[in-house]
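Asker: In my numbering, the protein residues as written are 1 to 119.
Just so you know, these hints were derived from the structure itself, not from any lab. Computed from a predicted model, the values in this text were never measured in an experiment. Just so you know, even glycine gets a beta-carbon here, dropped at the ideal spot from N, CA and C. Treat the hints loosely; a few may be bogus.
Unchecked claim - Label-pair distances were calculated between CB atoms; the ranges are: (1) His41 / Leu118: 11 to 21 Å; (2) Gly53 / Leu9: 36 to 46 Å; (3) Phe101 / Ser5: 35 to 45 Å; (4) Lys102 / Pro15: 27 to 37 Å; (5) Lys19 / Gly80: 17 to 27 Å; (6) Asn13 / His98: 11 to 21 Å; (7) Pro104 / Gly45: 14 to 24 Å; (8) Phe101 / Gln60: 28 to 38 Å; (9) Thr33 / Gly96: 13 to 23 Å.
Stated by the list, open to error - Straight-line alpha carbon distances no greater than 35 Å define the calculated DSBU-like cross-link-like pairs of lysine-lysine that follow: (10) Lys117 / Lys84; (11) Lys84 / Lys19; (12) Lys6 / Lys102; (13) Lys102 / Lys42; (14) Lys6 / Lys106; (15) Lys6 / Lys84; (16) Lys84 / Lys42; (17) Lys82 / Lys102; (18) Lys19 / Lys102; (19) Lys117 / Lys102; (20) Lys119 / Lys42; (21) Lys19 / Lys6; (22) Lys119 / Lys102; (23) Lys19 / Lys42; (24) Lys82 / Lys19; (25) Lys119 / Lys19; (26) Lys117 / Lys82; (27) Lys42 / Lys117; (28) Lys84 / Lys106; (29) Lys6 / Lys119; (30) Lys6 / Lys42; (31) Lys84 / Lys102; (32) Lys119 / Lys82.
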Amino acid sequence: MPTFSKEILIPGNGPTPQKGQYVTVSADLYLATGTGIWSTHKPSGFLFSATGGAQPFEYQAGVGGVVPGWEDGVASMQLGEKAKLSIPWQYAYGEGGHPGFKIPAKADLVFEIQVLKLK
Numbered sequence: 001m002p003t004f005s006k007e008i009l010i011p012g013n014g015p016t017p018q019k020g021q022y023v024t025v026s027a028d029l030y031l032a033t034g035t036g037i038w039s040t041h042k043p044s045g046f047l048f049s050a051t052g053g054a055q056p057f058e059y060q061a062g063v064g065g066v067v068p069g070w071e072d073g074v075a076s077m078q079l080g081e082k083a084k085l086s087i088p089w090q091y092a093y094g095e096g097g098h099p100g101f102k103i104p105a106k107a108d109l110v111f112e113i114q115v116l117k118l119k
């Protein structure tokens, strides 16, 4: 089973993230049922919205700081690309879910992610 499936929404034209680089993204997280969970840039419509303005998310690629489906999906994206990543629960938060984010057990996830910066 693949860790993600990807639909490109806006093509990119730059490099892809490499292990150890810091990757800055804008992201929206939904349960596969459509419930909005988290947004880095939308002020409403999510359980955790960017009410104080855009708050891009930065993480280090390839070190396990994000769920496996995100890690693999974003690694396939070019700088500037925006894509919808569908992630099966086994490669998301697994059997336990993520209570802090109100993600139930065995929840499939959908992320809309745009790669903004690599360093």
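Asker: Tell me the numbers of any earlier hints that the structure contravenes, in ascending order.
Answerer: Numbers 2, 3, 6 and 8, in rising order.
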